[in-house]
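Chains as they are written, first to last, in this note's numbering: chain A, 353 to 986; chain B, 3 to 492.
Hints listed in this document are in silico derivations from the structure and should not be mistaken for laboratory results.
Because the structure is a prediction, the values reported are computed rather than measured.
To be clear about the criterion: a stretch of chain B counts as covered by chain A if any three or more of its residues have a C-beta under 8 Å from a C-beta of chain A, and this derived list gives those stretches:
{"no.": "1", "stretch": "163-174"}
{"no.": "2", "stretch": "206-216"}
{"no.": "3", "stretch": "231-238"}
{"no.": "4", "stretch": "474-481"}
Just so it is clear, CB atoms sit at the ideal spot from N, CA and C, and this is done for glycine as well.
Listed here are the chains, written in short residue letters.
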Amino acid sequence: MTAAAWLALFSPLGAAVALAVLGDRISRSRAGLLVSGSVLVSFVSSAYVLARLLSEHPEQRSHVSTLWTWLSAGDLQVGFEILVDPLSVFMMLVVSGVGFLIVSYATGYMRGDDEERRYHAYKALFVFSMLLLVQSGNLLLLLVGWGMVGLSSYLLINFWHQRRSAVAAGKKAFIVNAFGDATVALGLFLVIQRVGALDFATVFGSAEAEIGRSNTVAVLIALGLLGGAAAKSAQVPLHTWLPDAMEGPTPVSALIHAATMVTAGVYLIARTHVLFELAPVVLHTAAVLGGVTLLVAGVIALVQTDIKRVIAYSTMSQIGYMFVAAGVGAYGAGMFHLMTHAFFKALLFMAAGLVIHALAGEQDIRRMGGLGRELPRTTRAFLIGTLALAGVPPLAGFFSKDEILANTLDGGPLGIVLFVFGVAGAFLTAMYSFRLLFVVFRGKQSEHVQHHLHREPNEGPLSMVWPVGVLAVLAVVGGLVSVPGGWHAVDTWLEPVSRPLVHPAGWMEAFSPILSVCVALLGIAVAWRLWGQASDLPTALARRYPLATVALERKLYFDEVYDALLVRPAARLAVTLERVVERPIVAGSARATAGGIRGLASRVAATQSGLLRVYALVVAVGLATLVLVFISVR
Amino acid sequence: MSIDTPAIDWAGLSPYFALLGGIVAALLSSVFLRGPARNAAGFAIAALALLGALAAAIALAVVDETGSGMIADSLRRDRLADVAQIVVVCAGLLAALLFVREPDAGERRGDAYALLLSAVAGMALFVAANDLIVLFLGLEWFSISLYILCAVTPERTRSLEASLKYLIVGGFGSAVLLFGAALVYGASGKLRFAEIGLAGPGSDRLLLVTGLAMLLVGLAFKVSAAPFHMWTPDVYQGAPTPVTGFMAAATKAAALVVALRFLTEAFPGEAALWTITLAVLAVASLAVGNLGALVQRDLKRLLAYSSVSHAGFLLMPVAAGNALGGRALLYYLIPYAALSVGSFAVVAARERELGRAVTIDGMTGLGWERPVHGAAMTTFMLGFIGLPPTGLFLGKFYAFSALYERGWTWLMIIGAVFTAVSVAYYLGVVRAIYARPVLAAAPAGGSPPRDTAIDVAIVASLVIAVGTFFGVDPLIDVVTRAVADLTFPF
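With the hints as extra help, turn the sequences into a complete structure.
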């Protein structure tokens, strides 16, 4: 069984290495096939592992497999080891399953791009990194995967490196994520210092004894992990990179910036929940961050005009829900939403990709409209995604979101506040998602559409259409694995790894779906009133509240504030330092040092005259010195 | 009446027999065969003999749980010797690959293989030495082989000059070592290392420490530790590149292993003296090596100074004088040998392509023209600095750990400072590799035919260098067992 898990891990890496080695000796289409094939291998192996785990007793579903021990320094042993347990298998299935669909889609989407092979190689590298992150059996390897997904995300965001904006977006994503990596690393140093180990079993087993509860160290460790989680999952205030990351190709947005990597923060909290539970303050902070993010992102999504950015804000908002769930201790609910979100958000991105594909790269929704008649299948797919996102029963998003809301109700006073946030978020979600649907697919066709729409049979190449179909089905039925009042398959499955802290009562499971469905329908109605038909209400509203509109269009000034608080002072400080310190002192002394060293170096080299008698003399002097010293200290 | 035949440890001697048989066969083949067949046969014999010796050494390393003496206790058969022999034989194998198409060697390639085997055999004996006589015998055996190997391309004046310089200065060094050995024998009346150590307190200290000083000088000579390094740049530059690669990797490894065994066994009582001496030599080597490398343009000369600086790094764990230092030395040697042979292999390939000596400018554009060579050389350079993913990263880590355990923070700091200096010239090479190629640097007379042997050597070195990083734990296990029999003074 662990062999299958290793196979799942290394198969994408093999594809990436093969592509790197083969270069242009492999055809473009074969390169795509190789990568999707390798991810399919991962998926099949993961499914096999799942089947084997299912046949075991729930309490015994945890297997560590060590390929080798890499380093042992004193008592600290770090090995290349993976952990196969319900949580990691769950994530492996999501990553490789959704990953396979998106990689297949990408073979169609990227066809004809100049550097198709490079794209596929990066994609395979990403899948490997993500699997490493979720399969790792110790915190160090997890951090390696954590850093590598950041790297592959960076490489893919600025894949079209001719575009300045893409390069800038890649850098921004990398810097924000590096901040998160650093806080995680600092947290791990504290873990090493206190526990003296990094493997999950030892750390979690002895955490309470070695670290203690709610003291400074416990809080710092959890904060370090939370910093990484928030940066990777684009939670306020570390969220600004995600909308910019939409500069990457659409399948990248679907895979990395919707379905898998950005949800790694939720996985991290669920995986290291023991450390978080030692510092409940930080766990609650995570929940509050999530609550704030889901509202902020939902509001901003209302006015954005780039189709992918709207979906990106929606992603942030939905991950906000997952953070809320993880923060109140409903890990199963958070992971459940992670899974359904992977289905319907990947679906939305890929349907959006079909739209962009059909419109020759156009992403501005103001230049779309009336596409419903032209692209009926895409519209249906988009509608399914939107309904699932808005939480309309019986689609996937309904079950998972309502499980989160029901769980918050059991979370004490903070939980009640978060519940209110969540319900308000449901309203916003319904409103912005249907706004997008209406603006893009209903109404009059814009001139742009009339000129640029190129029709293809089936609305796109087959390789792009079938994954969308599969995801549409999953977005419809994926929620049925967990039904309020009935069964909670995800919760039960994950229970041995992360026991939830909250247990919603029956009335909570009944009350929250009813309320949230009403709210969602209200949101849809409002969206219909504003954007569903020809109306000047939106412009009238914008004119009436100009400040709010501008604030939202500017994404609540996060970028501006960071620019003013961090980037520009840093740049000014750098310029000043360069003038006051760097040039006269550092460069001066470095030049002096380097000059001195070079001078010294030439003198050393000058002793190397090539003359044997000099060499012999030096040896003789050295020998004489040594003998004399030895005799005198004897 | 019957004659008591001495018990002969055939198994323990098997690596030597493999190599000796190879020497005889290689010499005979170079007498009886002509033309291409001679070269092919020479390589095949050398490779077979080395592989045989490697297999034997590995087998011995597996079975030798406790050490034993051979041939009237003059040779040790233990894991320390086995591991050192593995390193030396592997360096020899890689060097043999480099010889396959060495253009300057011409008709003499057959002899070169025999000499290479002879040098390897000498080193194998050297690292197993258990008394002063075998120590000197092994040293001279491999040294003389190397003197001749340096001159195996007599059409090049530099090669002859290198050989002659090496012979004269090396002869001086050997004489000093022999004199030192005589003094030590005179002081203690013993030849065997362990017995010298036991006799230490009762012997004449004046003679003993004078002898120790001279033995240290003789070994420092072979390690190319400053100030006894003066021959290194000239010889490394002048010798045929395959020979240089072999010397850089194997001579240093053999001499350091012998120094470790000899000093800990024969001079435990003088440990304070020799550890501080080695620390001073290490500092001098770091200074001279790194400063000297900064101003070099010729790549082989640069690598020669780099080898002097690494003599400093390698002396640090020996100077620490503790068990951790012993492990660190032995571990460090493995990736270091791979990096040395590998980097000289890239130089050899480039040299044949350009048809002249390789300077830093001569590396311009290598990364674009030969991506594998470029990537390998970059890895080697980063490895020499001590960066992952090569084993030298952990080698330096362990060496510094040993110093830390000894309490010599000052030496760690000096090591770190000179590591920073070394970044300048190693990265200079990397910069050249990935600079855009200048058209004028195009090879004179077209590219040489593709040389699979050299590619194999480069890739093998790369695999070892990187593999030691990932496989650190099993290797540490191996070297821990290898030094388990030694008693460290600190």
